[in-house]
Amino acid sequence: MCNCENTYIPIPMKVEKILIENPDRSLRTYDLSFVNEEDRKKFTYMPGQFCEFSILGKGESPFGIASSPTEEGIIKFTVSRTGSVTNEIHYLQEGDIVGIRGPMGNWYPLEKLKGQDVVIVGGGFAFTTLRSMIVFMLENRDDYGKITVIYGARHPDLFIFKEELKEWDKRDDIILHLTVDKPVKGWNKLCGFVPAITKDVKPDPTSWCIVCGPPIMIKFTLPVLLEIGFAHEKIYTSLERRMKCGIGKCGRCGIGSKYICIDGPVFSYEELKKIPDAF
Amino acid sequence: MVKIKKTGLNEFIELLMKDYDVYSPADVGKKTAFKKINSAFEIRHDITNTHLSPKDVFFPQSEVLFQYSDDGLKVPQRNEKPIAVWGMRNCDTSSLMMLNKVFGDAHQMPGKDMYKDPYWKMKYDNCLIFNQACNEPLSTCFCNWFDGNPFAEKGADVFVVDTGDHFILEGVSDKGNAFLAKYKSGEEATKADLDKIAELKKTAESYLPDVIDIKPLFAKMNKIWDEPIWEEISTKCINCGACTFVCSTCHCFDVTDEGKGKKGKRIRLWDSCMFQIFTREASGHNPRGLSTQRVRQRIMHKYNYFMDNYEQHLCTGCGRCVQVCPVNLDIREVIKQVLDYKLSKNEDN
Ligand SMILES: Cc1cc2nc3c(=O)[nH]c(=O)nc-3n(C[C@H](O)[C@H](O)[C@H](O)COP(=O)(O)OP(=O)(O)OC[C@H]3O[C@@H](n4cnc5c(N)ncnc54)[C@H](O)[C@@H]3O)c2cc1C
Ligand code: SF4
Ligand code: SF4
Ligand code: FES
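Protein chains in written order, with my numbering: chain A, 1 to 279; chain B, 1 to 349.
Pairs of lysine-lysine, PhoX-like flavour, derived with a Cα cap of 25 Å:
hint, chain 1, residue 1, chain 2, residue 2
1, B, Lys262, A, Lys17
2, B, Lys262, A, Lys58
3, B, Lys74, A, Lys14
4, A, Lys58, B, Lys265
5, A, Lys274, B, Lys220
6, B, Lys220, A, Lys273
7, A, Lys274, B, Lys342
8, B, Lys74, A, Lys41
9, B, Lys223, A, Lys274
If you are wondering where the hints come from, they were derived from the structure by calculation, not from laboratory data. Note that the structure is predicted; figures quoted are calculated from it, not measured.
Okay, chain A solo, but in the shape it has when bound (with noise of 0.2 Å):
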């Protein structure tokens, strides 16, 4: 064997605590710890990034770090429920023992949106990522200016991490438009979907917008950005395709001739109209 790292091995993980996200349990947040004290020294990361979660028989998927870097130990994913992997991640016990391989893929760039104003747009349970960028972002809060998150769920018992939704409204450092798509009684919050909120809500275009959530979303809420006037080189999202290696390797995850894995999941809208089949 070369003495390269060998990055198809996982790292052992033990699930610390499972949250039940939702009424119909089908979205779960786990938190793993390293198994390993040398496995948690090694493993750095930026908010962004993915990691591929190994069940040993069941085979692997990819999902996106919802903690932040400066939740020091502690490796947060919220996985919902869809096929044979996610099935058996929502078998899983706390103190059980799973793997992961990363952190992989590139991460927003939190260097370049400091000083700015930052405007995040969600929608779904692909907030992941994005928890990780809002905690990473309070935890540095003098490095960013004015922090607007627009964020939106089919119904509200979709939205996930709720209960740091409900912290963050209180805080007068970061503003929360929460929307659902129809109205439920008992929400008195925003109505509408996420591209007409954003609309609404008319972010100031000179700061930097990343938005993140399903593709019909992304497609209706980018024009709404461009109206704005946001330039094309301060709008990021992060794209998901069907993965294996995550390391540039199996061709799978391929658009044009970026690798999601590796050359993404994070790009700039800049970058991504010269790719041809991104959206």
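Knowing the structure of chain A, use the given hints to seat chain B with the ligands on it.
Same frame as chain A, but now just chain B with the ligands:
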């Protein structure tokens, strides 16, 4: 130069087997492929290109990444000898150099070890390549479109020419020369041998198709992504994936677990961008759900995307895909079709 009488080749191969695991073109069922051999008598000297490409030696169709059980993970090790491959062709050798960009060099993220593939490197890094000249290129060969030549030595450790009764071996790399120095053949290559080689080369080149200028291919492909040409090209393809399996440069794979309960292995298997499920996501969404999109992916990857990343085409002109396609979708015709294609849009767009 080393001259070996054909009848004495086994002696040479036995010497080689002392230091190396030796692979060569051989029969595998009804097909020919590169196979580990135990004597020179297994070598198929009489064929030009094997049905299956030599990528299988370094990137096997199925490969265990690790085994898992209650005792933890076990990664297969290669404590065997390094690999030597006899009977590679110039296109075969070039294909390994291309695959090494993907698996070995990790070009896209310089300095990042995590992007190097240890399973590839443990086989490829200290291998010894015997690159044999093609005296009789096949009607499907078009290596000359990609700067290839039946008598090119590029990428080889030892260059081999079959002159009839003999093999003439020439060391190309230090590694190749070091090995040849161990062999005492007793015969020297003569002026007549060199003349013969020059003559064979000329004959071989006459077998190849006329060279076409493929330099404009990359730029042309940048413009045709959403043009109707892809429908024309893909109509007859039945998405069987045979072309990608025999291809010496296709490298897509799947990773899957095999086993029962807590005991089993994680393996990787060749996969193909020609298959519909290759990109189908859990939600049902499929970015390449249509045959046209998948054929475009294969062709674009070979002649545009790879070029964008590595400044070369991901095709050697070995012609294996041409030989195997059940509906005669000939990639040479596709290249010509693209080059001749008149854009439906204004050129300035
Ligand atoms: C960069 C990235 C970040 C992601 N982050 C999250 C997240 O934070 N939370 C979350 O719930 N989901 C996330 N996903 C989607 C998640 O990976 C898929 O829902 C999951 O792989 C489905 O696996 P399955 O085995 O349950 O489904 P199956 O349909 O049984 O899929 C079988 C295999 O196909 C692959 N696959 C299928 N769908 C996808 C897909 N959409 N994306 C990637 N691979 C897929 C996986 O290897 C999977 O094991 C992310 C995907 C990517 C690419
Ligand atoms: S695309 Fe066809 S000709 Fe080119 S390397 Fe692959 S099999 Fe050979
Ligand atoms: S071998 Fe021919 S029919 Fe089969 S996938 Fe390739 S091009 Fe299509
Ligand atoms: S997941 Fe294998 S190339 Fe991106």
